[in-house]
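J.: In order, the protein sequence lines correspond to chains A and B.
All residue numbers for the first sequence refer to numbering that gives the first Met the number 0, where the first residue is 0 and numbers rise by one.
All residue numbers for the second sequence refer to numbering that gives the first Met the number 0, where the first residue is 0 and numbers rise by one.
Fair warning: there could be bad hints in the mix.
Unchecked claim - To list a few chain B residues with every Cβ distance to chain A over 10 Å, as calculated: (1) Trp-33; (2) Leu-58; (3) Leu-276; (4) Leu-280.
Unchecked claim - Partner residues are not named here, just some residues of chain B that face chain A (Cβ under 10 Å, in silico): (5) Leu-29; (6) Gly-31; (7) Val-32; (8) Gln-34; (9) Asn-35; (10) Arg-36; (11) Cys-37; (12) Gly-38; (13) Asn-40; (14) Leu-201; (15) Pro-202; (16) Phe-272; (17) Ala-278; (18) Ala-279.
By construction, these hints were calculated from the structure, which means they are not laboratory data.
It should be emphasised that the depicted structure is a prediction, and the values quoted were computed from it without experimental measurement.
Backbone N, C-alpha and C define an ideal beta-carbon position, used for all residues, glycine too.
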Amino acid sequence: MLGNVRTLILTFLHAFQSRVTVQYPEERPYLPPRYRGRIILSRDPDGEERCVACNLCAVACPVDCISLQKTEEQGRWYPEYFRINFSRCIFCGFCEEACPTYAIQLTPDFEMSEYNRQNLVYEKEDLLISGTGKYPDYSFYHVAGVGIPGKERGTSEHERPPVDLHTLLP
Amino acid sequence: MTLLALVGIVITPLVILGLATLLTWVERRLLGVWQNRCGPNRVGPGGVLQAAADGIKILFKEDWTPPFADKGVFVLAPAIGMMTVLLSFAVIPLTFSSSIAAGLNVGLLFVLAMMGLGVYAVVLAGWASNSKFALLGGMRAAAQMISYEVFMGLALMGVVMMTGSFSLRDIVMAQSGLWFVLPQCVGFVVFLLAGIAETHRLPFDLPEGENELGAGFHTEYSGMKFGMFFIAEYAGIVLVSALITTLYLGGWQGPILPAPIWFTLKTTVLIGFFILLRAALPRPRYDQLMALGWKILLPLSLLNIVVTGAVLLLHTAG
C-alpha cells in the first residue's frame, strides 16, 4: 500500500522533469554523420562516378531493393541504370559496407515521404550527388590496377609498372 | 424553479458530454506529462481540439453490429451506460441552489441505484456481443462492480449517519464546520477505491484488461457505440469525482472563492488524481482485486459504520 503511494508521488514528480520528446518539424534531432538514412551514389574527387557496377551492393542487400546493370566505356565500368526501391529498403547499410569503391553511401536524411509509392523508386540521376560524400580523397581508379583513358596500367598510386615478361627471358 | 430545473436538464448533459470528451484529451495530455512526454499538442491551441478531432473521427467510423450479436441488447447496452451516468448528475449540487434535484431526500440512494444499473451496461454488452472475450469481460465486470458496490454503499453510510440525511445538499451543508474527509477518512479511502472500481478505471480496469481480454466487454463494439462506452467512462470519472467532492470534501464550501469555483476546483483535482492513478499503478490480478474487496475493504467499511455509530451515540448521550 505504501509502495503504491510512493509510486504515485514519484510519478507525479515526473511532471517537473524535462520532456524527452523532440517536437520534430520545428525542432530537429541531431543526426550523427554516420546516420543510416537516404542512400546516395557519390563521385570521386575528379567528378567521375565512383560506382563500377560490381553488383556487390545488390548481392549484399537483404531485401533486394537495389537493381543495376553494368556498362563499359573505354575500360571504365559504369552502371547503365542504378535503381533503389526505397519502399523496400530497410536502411541496414550493408550495401555501403559491401561497396569496394565507397560509391554507395548512407546519409543523415530520412525525410523522403511520398504520397505515391512509385515515387520511392529512385533512379541513378536521383541517387547521384556531385560530391564525394564521406570519403573526400578516395578515387578508386587511382589505386586500382586498371587502365583507363588518361591513366595507363602501372601508374596508380603505390603501384609499380607492370613487369615486361620479355625482359625476364634468358 | 421548474423553468430553472428544465434549463438544468438541458444544460447538464451537454456540459457533461462536452467535459467527458474534453477529458479524453486532458487524460492523454496528463499521462504524457507524467511520462516525460508532451501528449497530443498539435490540433488547436495546446492540442485542445484533439478531442473534437477524435469525436468527428469516431462519428464517421462504420458502426458495425456483428451478425452473431444479440442486436437489441447490443444497441441498448451503451445507451444504458450513458443514461445511468448522466442521470446520476441530477442530484449532485453544484452550489446550494444550482442543481436539478439536489434536495431529493433519497439523493444518495438514487446515485447508488444508478451506479447499480450502470453494471447492466457492461454485463449486457459482454453478453450480447456473443464472443468469448467480451463475455469474460462482462463477467469480470459483473463480479467486480457488484462486490464493490456493496461496500461503496456501506462506506457512504458513515456520511449519512453523521448527516442524518440522504440528500446530497444536506450532506454538503453538514460539512460547513469540518469536511467529512477527516472524521470519515476510512470511509473516504474505501469510497475512493470503490469509485475507481465502479468506473472500471485503471488500476481496476479488469473488465477491459486490454492485454488479456482484447478490450473486454466492448471488444465487439465499434464506431459511436464504442464512443458512448468511452464517453460514459469519462463521465463516470467526473461523476465519482463530483461525488467524492460532495460527500467528503465539503462540496461547494470553501473560503474566499465563489461556490461553483470551489466545487470545480475540488472535482478537477480529483479527476487529476484519477488520471495519476492510471499513469502510476499497474493492474492487480483478478483474485487480488476480489480479495482486496471482500477481505479488507468490506470489514473496514463495516468497522467504519460501527465506530461512527458508537461515536455518534456517545456524543448524543453526552
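J.: Hint by hint, note whether the structure agrees.
T.: Evaluation of the provided hints:
1. Trp-33: violated, 5 Å
2. Leu-58: Answer for Leu-58(B): holds, closest chain A Cβ roughly 26 Å.
3. Leu-276: violated, 7 Å
4. Leu-280: Violated, since 6 Å does not exceed 10 Å.
5. Leu-29: holds, 8 Å
6. Gly-31: holds, 8 Å
7. Val-32: holds, 5 Å
8. Gln-34: holds, 7 Å
9. Asn-35: holds, 5 Å
10. Arg-36: Arg-36(B) check passes; min Cβ-Cβ to chain A is 5 Å, inside 10 Å.
11. Cys-37: holds, 5 Å
12. Gly-38: holds, 9 Å
13. Asn-40: Asn-40(B) check passes; min Cβ-Cβ to chain A is 8 Å, inside 10 Å.
14. Leu-201: Constraint on Leu-201(B) not satisfied, violated at 12 Å.
15. Pro-202: holds, 9 Å
16. Phe-272: With Cβ-Cβ at 8 Å, under 10 Å, it holds.
17. Ala-278: holds, 5 Å
18. Ala-279: With Cβ-Cβ at 4 Å, under 10 Å, it holds.
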